[in-house]
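One letter stands for each residue in the lines below.
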Amino acid sequence: MDPVSLAWLSAGIGAGLVAIGTGMGIGRLAASALEGSARQPEAGGDLRTTMIIAAALIEGVAFFGLVVCILLTLKTVA
Amino acid sequence: MTNRFFRAPLFGALLALVMVGTIAPAHAAGEDGEFDAIGHTMDGNYLDFSPFGKVELPRIFLVRKADGSIGLDVYGSTKQALLTGDYVMASSYADEAHAEDGYGDAEESAYGEAGYGDAPADEATATQEAISKGKHLYGGLTRAKGDVIVDFSITRHLLFAWLAILILCLLFIPMAGKYKQGIGRTEAPRGKKMNMLETLVLYIRDEVARPNLGEKTDKFLPYLLTIFFFILTCNLLGLIPFGATATANITTTAVLAIFTFIVTQFAGTKDYWMHVFNPPGIPWFVKPIMIPIEFLGLFIKPFALAIRLFANMTAGHLVILNLIGLIFAIRAILGDGAGWGTAVPSYFLTVFIYGLEVLVAFIQAYVFTILSALFIGMAAAEHEHHGHEPHAHEQTVGTEAVI
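Just so you know, the protein sequences line up as chains U and L, in that order. All you need for this note's numbering is the position in the first sequence, starting with 1, plus 97. All you need for this note's numbering is the position in the second sequence, starting with 1, plus 44.
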C-alpha cells in the first residue's frame with residue numbers, strides 16, 4: 098500500500114479515536130460535576146473551577162494525540 | 045419544535061460531512077489547491093486583507109555573506125528581497141514552476157537538452173511568475189550567495205502580539221493612574237471601561253490567584269494578570285476580521301509557558317526542591333523511579349501549557365475554515381445547486397463555532413492563568429511536615445496527578 102495514503106488514513110483514524118476518548122472523559126467529568134452541584138448547590142463554584150482544570154488536563158492529553166495526527170498529515174504534504 | 049428545527053440542518057451537515065469524507069479524496073487531487081486552510085492560521089510575512097489584497101511586511105535577515113562577513117539585510121517586503129536578486133525562493137512552488145518550465149522546454153524543443161545552460165534566467169522567470177501569481181509569500185527564502193543565520197522578519201503574528209501589547213498599555217496605564225489618584229479605591233470606579241476591567245481583575249485575584257497562592261497572592265498577581273490579559277487580547281484579536289491570532293503560534297505560547305516555568309522555579313521553596321529530588325515519605329526503592337518522573341514533570345507542565353493554548357487557538361480557526369471550505373468542496377462534487385444548499389447550514393454552523401470561539405478565547409486565557417497559578421502555588425507553598433505522615437506523601441502524588 099502507498100505509505101502516504103496509509104499516513105493519511107492513520108491520521109484520520111487517530112483523530113477520531115482522540116475525539117472519542119476525550120469526549121468520554123470530559124463527558125463523565127461534566128456528568129459527575131453536575132451531579133455534585135445538583136446535590137450540593139453551595140459547592141457549585143468550587144466544583145466548576147475544579148472541573149475546568151480537570152477538563153483542561155484531559156484536553157491537553159487529547160491535544161498531544163492531535164498534534165501527532167497533524168504531524169502525520171503535514172509530513173505527507175511536505 | 046425548536047429541537048426539530050435545529051436538528052435538520054445539523055443532520056444535513058453531518059450527512060454532507062460523511063459524503064465529503066467518502067468522495068472528496070478522489071476529487072481533491074484534481075482540484076487546484078487555492079484554498080489553503082492551514083496556511084491561513086499559520087504565520088506569514090503579510091497581512092491578509094483579502095479580498096482587498098495583501099500587505100507585505102518587512103524582511104530582516106542576519107546573514108553570513110559569501111565572503112564570510114556577517115551582515116544585516118533589510119527589505120521593505122518579500123517582493124523587494126526577491127527582485128534585488130540576493131534571495132531566491134526555496135519553496136516547492138518555485139521548484140514546481142521550474143519543473144513545469146523544464147518539461148515544457150523538452151516538449152517544445154525537439155533538440156532535447158538545450159535547457160541546462162540558462163538556469164539563472166529560468167530561475168528569474170520562475171520568480172517573476174510566482175510574484176505575479178502572489179505565491180512568493182508562501183515559500184521560504186534562501187540567500188543566493190552565503191546563507192541566512194537568523195530570520196528576524198516581522199511576521200503578522202509578531203505584529204498582532206505587538207498590537208495586543210499596545211492595546212493593553214493604552215487600557216491599563218491610564219487606569220492605573222486613576223487608581224493612584226484614588227478613584228476606585230476611596231470611591232466607586234467610574235465609567236464602563238473601568239468597571240468592566242475591575243470585574244475581570246477582581247475575578248482573577250479572588251477566584252484564580254487567592255485559592256492557589258494564599259498569602260503570596262500579591263507577589264505573583266501582576267504576572268498572572270499580565271498573562272491573562274495578554275492571552276485574552278491575542279485570542280480576541282484573532283476573531284476580528286482580517287486579524288491574526290498570535291497565540292495560534294507555538295512560539296508565542298512556548299515563550300509564555302517558559303515565563304511560567306521560570307517564575308515557578310524562582311518561587312520554589314526548599315520543600316518544593318526536596319519533593320523533586322528527595323521525595324519524603326516513600327520507600328527507598330521507589331525513589332529511583334519517582335525522582336526522574338518528578339524531574340521530567342517540571343518540564344512537561346509548561347510544555348502542556350504551550351501545546352494546549354496553541355492547539356486550542358489553531359483548532360477553532362481550522363474548524364471554521366473547513367466548514368466554509370465544505371461549501372466549495374460540495375459544489376465541486378455535486379454542482380452549483382448543492383453548493384448553494386450547503387451554504388445555509390454551513391453558515392449557521394460557522395456562526396455557532398465562532399460563538400464557541402469567543403467562549404474558548406476566554407476559557408483558554410483563564411485556563412492558562414489558573415494552571416500557572418496552580419504550578420506557582422504548588423512550588424511556593426510552605427507546608428509543614430509533621431514527621432513523615434501520609435499527608436506529605438499525598439502532596440507529592442497530587443503534584444504528579446496535575447500534569
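No lab work stands behind these hints, which were simulated from the structure alone. Some clues are possibly wrong.
Computed list of lysine-lysine pairs in DSBU-like fashion (alpha-carbon distance at most 35 angstroms, straight line) [what the hints assert, rightly or not]:
{"id": "1", "chain 1": "L", "residue 1": "Lys98", "chain 2": "L", "residue 2": "Lys109"}
{"id": "2", "chain 1": "L", "residue 1": "Lys177", "chain 2": "L", "residue 2": "Lys123"}
{"id": "3", "chain 1": "L", "residue 1": "Lys331", "chain 2": "L", "residue 2": "Lys260"}
{"id": "4", "chain 1": "U", "residue 1": "Lys172", "chain 2": "L", "residue 2": "Lys109"}
{"id": "5", "chain 1": "L", "residue 1": "Lys109", "chain 2": "L", "residue 2": "Lys123"}
{"id": "6", "chain 1": "L", "residue 1": "Lys98", "chain 2": "L", "residue 2": "Lys224"}
{"id": "7", "chain 1": "L", "residue 1": "Lys179", "chain 2": "U", "residue 2": "Lys172"}
{"id": "8", "chain 1": "U", "residue 1": "Lys172", "chain 2": "L", "residue 2": "Lys189"}
{"id": "9", "chain 1": "L", "residue 1": "Lys222", "chain 2": "L", "residue 2": "Lys98"}
{"id": "10", "chain 1": "L", "residue 1": "Lys237", "chain 2": "L", "residue 2": "Lys98"}
{"id": "11", "chain 1": "L", "residue 1": "Lys236", "chain 2": "L", "residue 2": "Lys109"}
{"id": "12", "chain 1": "L", "residue 1": "Lys179", "chain 2": "L", "residue 2": "Lys263"}
{"id": "13", "chain 1": "L", "residue 1": "Lys98", "chain 2": "L", "residue 2": "Lys123"}
{"id": "14", "chain 1": "L", "residue 1": "Lys236", "chain 2": "L", "residue 2": "Lys263"}
{"id": "15", "chain 1": "L", "residue 1": "Lys237", "chain 2": "U", "residue 2": "Lys172"}
{"id": "16", "chain 1": "U", "residue 1": "Lys172", "chain 2": "L", "residue 2": "Lys98"}
{"id": "17", "chain 1": "L", "residue 1": "Lys236", "chain 2": "U", "residue 2": "Lys172"}
If you anchor each label on the Cβ, the simulated ranges turn out as follows [what the hints assert, rightly or not]:
{"id": "18", "chain 1": "L", "residue 1": "Pro255", "chain 2": "U", "residue 2": "Gln137", "range": "12 to 22 angstroms"}
{"id": "19", "chain 1": "U", "residue 1": "Val101", "chain 2": "L", "residue 2": "Lys314", "range": "30 to 40 angstroms"}
{"id": "20", "chain 1": "U", "residue 1": "Thr147", "chain 2": "L", "residue 2": "Ile104", "range": "43 to 53 angstroms"}
{"id": "21", "chain 1": "L", "residue 1": "Asp92", "chain 2": "U", "residue 2": "Gln137", "range": "48 to 58 angstroms"}
{"id": "22", "chain 1": "U", "residue 1": "Gln137", "chain 2": "L", "residue 2": "Leu378", "range": "32 to 42 angstroms"}
The beta-carbon is built from N, C-alpha and C at its ideal position, and this holds for glycine as well.
Let me make sure I understand: some of the numbered hints might not hold for this structure. Which ones are they, in numerical order? 6, 9, 11, 12, 15, 17, 19, 22
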